[in-house]
Amino acid sequence: MLTFLLAQLAILAQTAAGEMETGLKAIGAGLGYGLAAVGPGVGIGIVVGNAISAMARQPEAAGVARTTMFLGIAFTEALALIGFVVFILLLP
Amino acid sequence: MLALEFPPISHLFEWPEFLFEGTPIAVNKTVVIYLAAFVLTLIVFGVGGSKKKLVPSGLQTIAEVGIDFVENSIIEPTLGIAHGKKFLPFLTAMFFFVFFTNIFEVIPFIQFPANSRMALPIFLAIVVWLVYNYQGFKNQGIAYMKNAIIPPGVPVAILPLVALIELLQVLIIRPASLAIRLWANMVAGHLLLVTFSVLSAALWDSTKVGAVLPFAVLILMTGFEILVSFLQAFIFTILTAVYINMASHAEH
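These protein sequence lines are chains A and B, in that order. If you're matching positions, the first sequence starts at 929 in the working numbering and goes up one per residue. If you're matching positions, the second sequence starts at -9 in the working numbering and goes up one per residue.
Bound-form chain A, shown alone (with noise of 0.2 Å):
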């Protein structure tokens, strides 16, 4: 993997030093996204989960176990979707 992102470097060096500069933006970009993504996965994995176990334990409180998900989805996602903002406003 490291590897292969030097040897990519070392032909965006041979290149000019404009596309250089769009090619580190685009990494850049990529891997934010990416890593601002993993965090919110393992956070919303983790709500749906105990939310799950929540309505299987004890199915007339469904609704309300339901609805405080959502509501934790939408907290944890912001994170996420903060991280695909960047993404868009890194773009070349």
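Bear in mind the hints are in silico, worked out from the structure with no lab data behind them. Treat the hints with care, since some could be wrong.
To be verified - Straight-line Cα separation of at most 20 Å, SDA-like style, residue types lysine to any residue; simulated pairs:
| hint | chain 1 | residue 1 | chain 2 | residue 2 |
| --- | --- | --- | --- | --- |
| 1 | B | LYS42 | B | GLU54 |
| 2 | B | LYS75 | A | VAL992 |
| 3 | B | LYS136 | B | PHE113 |
| 4 | B | LYS76 | B | LEU49 |
| 5 | B | LYS198 | B | LEU208 |
| 6 | B | LYS42 | B | LEU30 |
| 7 | A | LYS953 | B | PRO(-3) |
| 8 | B | LYS128 | B | ILE116 |
| 9 | A | LYS953 | B | PHE113 |
| 10 | B | LYS75 | A | LYS953 |
| 11 | B | LYS19 | B | LYS41 |
| 12 | B | LYS41 | B | ILE(-1) |
| 13 | B | LYS19 | B | ILE116 |
| 14 | B | LYS41 | B | VAL22 |
| 15 | B | LYS136 | B | LEU120 |
| 16 | A | LYS953 | B | VAL29 |
| 17 | B | LYS75 | B | SER238 |
| 18 | B | LYS128 | B | GLY70 |
| 19 | A | LYS953 | B | SER0 |
| 20 | A | LYS953 | B | PHE(-4) |
| 21 | B | LYS76 | B | GLY39 |
Please arrange chain B on chain A, whose structure you already have, making use of the hints.
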């Protein structure tokens, strides 16, 4: 390789003006969708609610199901029926307006979610900000500022830090995250649909058979985006209700 010509992102979200060009009231596709969503909301509740019949039919069914949904799924778990009843018109109108502006994402030949332009989400977020701060001052008086920024049971040593974070939260982070959540979800959905449409078209031009898989994914994603349009309207409205509830009485 595949002759895949993906348009620049700005081309997907910027539409030419075709009426009153160059003036502040210029009309383009986004504005037409705003007006259409406004008129649709007005029709559902204006016409649907005008002739109240005991056995509902047509538009009255949609209006009643919508009001019932907002009352039982949004107001009841957050504000409580007794306190939240007076917010029912506001929240129902908010839900339906956001839903109608979102659902144009999948309607054939229009296929543009109007909320993927920041103008409408930021305006709705400002409206929500005004409403919950007004409710806070109305219900708690001047103590609202104190209750909002100083949570009970915080050690004195970290109080300045917590107070600063809470102040930022109430004033900036809540409306900003509300607007960004709606906007970014719609942008992401639109980009997803455009990506698979372009891929299907390019593969159809070159190989025919290769277009089957991306086209199937495109249909699945269209179904998924209907769900997302509904879910984002629901989340926007329920967060509005939660913020109003947080502002209405002090935490214990």
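Practice item. Take a quick look at whether LYS75(B) and VAL992(A) sit within 20 Å of each other, Cα to Cα. Key: With Cα atoms ~18 Å apart, LYS75(B) and VAL992(A) stay inside 20 Å; holds.
Exercise for review: Could you grab the alpha-carbon distance between LYS76(B) and GLY39(B) and see if it respects the 20 Å cut-off?
Suggested key: Holds, at about 18 Å.
Review point. Going straight from one Cα to the other, do LYS136(B) and LEU120(B) come out at no more than 20 Å?
Key: holds, 18 Å
Point to revise | Distance restraint between LYS42(B) and LEU30(B), which requires alpha-carbon spacing of 20 Å or less | key: Given pair LYS42(B), LEU30(B) holds - Cα atoms ~19 Å apart, limit 20 Å.
**Study point:** Distance restraint between LYS19(B) and ILE116(B), which requires alpha-carbon spacing of 20 Å or less
**Key:** violated, 23 Å
Review point. Given the hint that LYS75(B) pairs with LYS953(A), does the C-alpha gap stay at or below 20 Å?
Key: Status violated; Cα separation ~51 Å.
Point to revise | Agreement of LYS75(B) and SER238(B) with the hint, judged by alpha carbon distance not exceeding 20 Å | key: Judged against 20 Å, a Cα distance of about 14 Å means the pair holds.
**Study point:** Proposed proximity, LYS41(B) with LYS19(B) (alpha carbon, max 20 Å)
**Key:** The given pair, whose Cα atoms are some 33 Å apart, is violated under the 20 Å limit.
Point to revise | Satisfaction of hint between VAL22(B) and LYS41(B), Cα-Cα up to 20 Å | key: Violated - the C-alpha atoms of VAL22(B) and LYS41(B) are around 29 Å apart, more than 20 Å.
Practice item. Quickly compare the C-alpha distance for LYS953(A) and PHE(-4)(B) to 20 Å and report which way the hint goes. Key: holds, 18 Å
Review point. Going straight from one Cα to the other, do LYS953(A) and PHE113(B) come out at no more than 20 Å?
Key: violated, 31 Å
Check your understanding: Does GLU54(B) lie within 20 Å of LYS42(B) when you go C-alpha to C-alpha?
Key -> Roughly 10 Å separates the two Cα atoms, so the pair holds.
Hints 3, 4, 9, 10, 11, 12, 13, 14, 16 from the earlier list are contradicted by this structure; the remaining hints agree with it.
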